[in-house]
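Trainee: Chains A and B are the protein sequences, given in the same order.
Under this note's numbering, the first residue of the first sequence is numbered 1, with each subsequent residue one higher.
Under this note's numbering, the first residue of the second sequence is numbered 1, with each subsequent residue one higher.
Hints listed in this document are in silico derivations from the structure and should not be mistaken for laboratory results.
It is possible that some hints are incorrect.
Stated by the list, open to error - Heads up, simulated SDA-like pairs for lysine to any residue below, C-alpha to C-alpha not over 20 Å straight-line:
id	chain 1	residue 1	chain 2	residue 2
1	A	K188	B	G126
2	A	K188	B	R129
3	B	K130	B	K151
Claimed, not checked - Chain B regions said to be covered by chain A (calculated; three or more residues, Cβ under 8 Å):
id	segment
4	22 to 33
5	92 to 98
Glycine included, C-beta positions come from ideal geometry on N, C-alpha and C.
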Amino acid sequence: MFAATSLNRRSYRNQAVAKAVFGLMTVALVIPVLVILGALIVRGGPAISWEFLFTPPVNGMTEGGILPALIGTIWLVVVALIASVPIGIAAALYLSEYAPDNFLTRTINLAIINLAGVPSIVHALFGVGAFVLFFRFGTSILAASLTLAVMTLPVVIVATRESLQAVPQAFREACWNMGATRWQTIRKVVLPNSVSGILTGVILEVSRAAGETAPIMFTGAAAYLMFLPQSVFDQTMAMSLHLYVIATQQPSVPEEIPYGVALVLISIVLLMNAISIAFRVYLRGLKKW
Amino acid sequence: MVEANGAGAGPRYGERPVVEVRDLAISYGGKPALKDVSLDIYRHEIFGIIGPANSGKTSFLRALNRMNDFNAGMKVRGSVEINGKDVNAWQNVYALRSRIGVVFPLPVGLPLSIYENVAFSPRLRGIRRKAELDEVVERCLTRAALWDEVKDRLDSLGSLLSGGQQQRLTIARALSQEPELLLLDEFSIAVDPVTTMRIEDVLKELRAELTIVLVTNLVQQARRLADRTAFFLTGEVVEIGDTEEMFEGKVKDERTTGYIEGRFG
Numbered sequence: 001m002f003a004a005t006s007l008n009r010r011s012y013r014n015q016a017v018a019k020a021v022f023g024l025m026t027v028a029l030v031i032p033v034l035v036i037l038g039a040l041i042v043r044g045g046p047a048i049s050w051e052f053l054f055t056p057p058v059n060g061m062t063e064g065g066i067l068p069a070l071i072g073t074i075w076l077v078v079v080a081l082i083a084s085v086p087i088g089i090a091a092a093l094y095l096s097e098y099a100p101d102n103f104l105t106r107t108i109n110l111a112i113i114n115l116a117g118v119p120s121i122v123h124a125l126f127g128v129g130a131f132v133l134f135f136r137f138g139t140s141i142l143a144a145s146l147t148l149a150v151m152t153l154p155v156v157i158v159a160t161r162e163s164l165q166a167v168p169q170a171f172r173e174a175c176w177n178m179g180a181t182r183w184q185t186i187r188k189v190v191l192p193n194s195v196s197g198i199l200t201g202v203i204l205e206v207s208r209a210a211g212e213t214a215p216i217m218f219t220g221a222a223a224y225l226m227f228l229p230q231s232v233f234d235q236t237m238a239m240s241l242h243l244y245v246i247a248t249q250q251p252s253v254p255e256e257i258p259y260g261v262a263l264v265l266i267s268i269v270l271l272m273n274a275i276s277i278a279f280r281v282y283l284r285g286l287k288k289w
Numbered sequence: 001m002v003e004a005n006g007a008g009a010g011p012r013y014g015e016r017p018v019v020e021v022r023d024l025a026i027s028y029g030g031k032p033a034l035k036d037v038s039l040d041i042y043r044h045e046i047f048g049i050i051g052p053a054n055s056g057k058t059s060f061l062r063a064l065n066r067m068n069d070f071n072a073g074m075k076v077r078g079s080v081e082i083n084g085k086d087v088n089a090w091q092n093v094y095a096l097r098s099r100i101g102v103v104f105p106l107p108v109g110l111p112l113s114i115y116e117n118v119a120f121s122p123r124l125r126g127i128r129r130k131a132e133l134d135e136v137v138e139r140c141l142t143r144a145a146l147w148d149e150v151k152d153r154l155d156s157l158g159s160l161l162s163g164g165q166q167q168r169l170t171i172a173r174a175l176s177q178e179p180e181l182l183l184l185d186e187f188s189i190a191v192d193p194v195t196t197m198r199i200e201d202v203l204k205e206l207r208a209e210l211t212i213v214l215v216t217n218l219v220q221q222a223r224r225l226a227d228r229t230a231f232f233l234t235g236e237v238v239e240i241g242d243t244e245e246m247f248e249g250k251v252k253d254e255r256t257t258g259y260i261e262g263r264f265g
């Protein structure tokens, strides 16, 4: 009766092989991440100190800290968020909750996906043409941030739209059947249940914007400045560009400084991602259906 | 058991019908689901609709409160008038829907607290006072035979109740709309028999206040509740008649008898 057939045995063996192959691929994926992190910590770790974080670079950036770059990156990211988050969420709400499923909507969706695939140097050139020259913002935080905003909009839109669409359609129909308008339904049922996904998208955008170099190097970031930015119309230093400059343009920089800068930058990004993951886990605990 | 036509004021057959359907045809992506249905539903009537799967019962219900707006593939022809006004003439479809309660076979507990599920519609109507909301919530949950089970945990999530409880929550929510018309689509599928009987008793009482369209796959449920019953088959109305007469065998079409007696379906 309960004897395994040869087909049973073959299925069992195939399943074991599949599991092993997928597992190995996952390990292969994790290794480079660990190597990068390990190298940065070993080589850059000695450079990290309060002084490193909170003093400006001196002596042609061969000594001192990274304060202006750190502050500049915060400026750039915050202004980019202010510009792109409201637009991104509004666009995603429209596409997911209001737009009819027709040719135009599908075209817009396709365009958003394509926008995500445009190389960042192309965004940089667009930023120069549009924000620096046409709108006459000059090379400034504003121009650089808007360039970053355009580049990261698809991240926000796609993340928001996906988390909106994860809310079951039955909830919407139940609300509509009680006479709720689309907006009442969104406000009371759809948005409260998609906040976690939307925030994840925003945090992903932060890590993307903080790490980009090309879009800001022609639009508002400078290799070296004596002063901290006072307004969005000033130029600024930035972590990513600072790393690029001291790693490639300045031969006499001691080795631990660029590694230290990279370590701080990647720590910011990983910290943001960790917050996003923690937030997701927390909200999943509150899962409502 | 057979006292469906006894309780309450009874249907107003002399007056203008609440729902007047003329030549209603519905198709999904070119595939017809309902073919030229015309019928009237009168105030304070429980109108039963029976028929096997794919007979167009649910599509018929969906057309009554313009749920076809949600589904681009669903095409509706013909006219549906409620209280003498064509449903497509309502510019503000939300006002129309707020007067029609709907219950579907699969329960939908909104991801809100039990209290907020039932207070949703009253809040849409602009009721803000806590005491008034409390009263509506208790009355509707009691009528839906759920109050005793949830009165101590009104703050817990409606979407985490069991299937049968969620269905009663859905019914309570429909009642909280204080609807003029209540559309029930196989409401008892997810509900146990004892609770079903309790809800059926409530529906009999409600007939004094509103009009009910009851789609059911349980022919005996139609017999227990409906004043008149329509038999739908493959998108057509085979027969409409007084429920009791229909079940006693006074039918025009023998397919009706066949379905009622369980010879096909």
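Trainee: Decide, hint by hint, whether the structure agrees.
Mentor: Against the structure, the hints:
| no. | hint | result |
| --- | --- | --- |
| 1 | K188(A) - G126(B) | 15 Å, holds |
| 2 | K188(A) - R129(B) | 19 Å, holds |
| 3 | K130(B) - K151(B) | 16 Å, holds |
| 4 | 22 to 33 | violated (count 0) |
| 5 | 92 to 98 | holds (count 5) |
Checked against the numbered hints given earlier, the structure breaks only hint 4 and satisfies all the rest.
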